[in-house]
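Engineer: Spelled out from the first residue to the last, the chains are:
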Amino acid sequence: QKEVEQNSGPLSVPEGAIASLNCTYSDRGSQSFFWYRQYSGKSPELIMSIYSNGDKEDGRFTAQLNKASQYVSLLIRDSQPSDSATYLCACPGGATNKLIFGTGTLLAVQP
Amino acid sequence: GAVVSQHPSWVICKSGTSVKIECRSLDFQATTMFWYRQFPKQSLMLMATSNEGSKATYEQGVEKDKFLINHASLTLSTLTVTSAHPEDSSFYICSATRGAYEQYFGPGTRLTVT
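Keeping their order, the protein sequence lines are chains Y and L.
Under my numbering, the residues of the first sequence are numbered 1 to 111, in order.
Under my numbering, the residues of the second sequence are numbered 1 to 114, in order.
The hints are simulated quantities; they were obtained by calculation from the structure and are not laboratory data.
A hint or two may mislead.
[Said to hold, decoys possible] Below, simulated DSSO-like cross-link-like pairs (lysine-lysine); rule was C-alpha separation at most 27 Å, straight line:
{"#": "1", "chain 1": "Y", "residue 1": "K42", "chain 2": "L", "residue 2": "K20"}
{"#": "2", "chain 1": "Y", "residue 1": "K2", "chain 2": "L", "residue 2": "K64"}
{"#": "3", "chain 1": "L", "residue 1": "K20", "chain 2": "L", "residue 2": "K66"}
{"#": "4", "chain 1": "Y", "residue 1": "K56", "chain 2": "L", "residue 2": "K64"}
{"#": "5", "chain 1": "L", "residue 1": "K14", "chain 2": "Y", "residue 2": "K42"}
{"#": "6", "chain 1": "Y", "residue 1": "K2", "chain 2": "L", "residue 2": "K55"}
{"#": "7", "chain 1": "L", "residue 1": "K66", "chain 2": "L", "residue 2": "K55"}
Sequences are here, hints too, so could you generate the full structure?
Structural biologist: Now the structure itself:
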């Protein structure tokens, strides 16, 4: 059973700080990784995808992938209260094109 | 780009009736569509995978006769909850895949069965 694990949190950071969200995965063959943001009562929104080892930056977001350690992270710089949400990590589920989602990390940015 | 719509956004129905939820990819053709259910403060739960022109693949424990999925085209999938009961009340979310794995979610449908 392929798994994606995340710390459920809540992760509390002050406004303006860097929020670091982490995710580990069990399938060493996974090649694609996705971060979704889900506000309370809303559906998930794709915010980052990463396919290669290293860093990928998009605005205040940086995704980091380390395939050797089976670890993917999301950094949010200059955190804002509007970033408060649950962040879901996902990777492909194997033979099909479905995604395996982690349970999500709740981020709370304190003003 | 990559906009997915769902209709209706919320619905209230009486126990024993059926409800149909539509999912459309508005600006791309989706290779696959997925249906999820999410209860309050719980994780996403994948219900089924839907491909155009094929029978849906249901996850273990999901009753295929209760949750009917029709995938009529590359931009439209429907989920019908048949003989709904109060325990079917939930947030139903569809997603559409662009490319190999990128899933784009619809806004969700909140179903309340009274």
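Engineer: Against which earlier hints does the structure fall short, listed by number upward?
Structural biologist: 4
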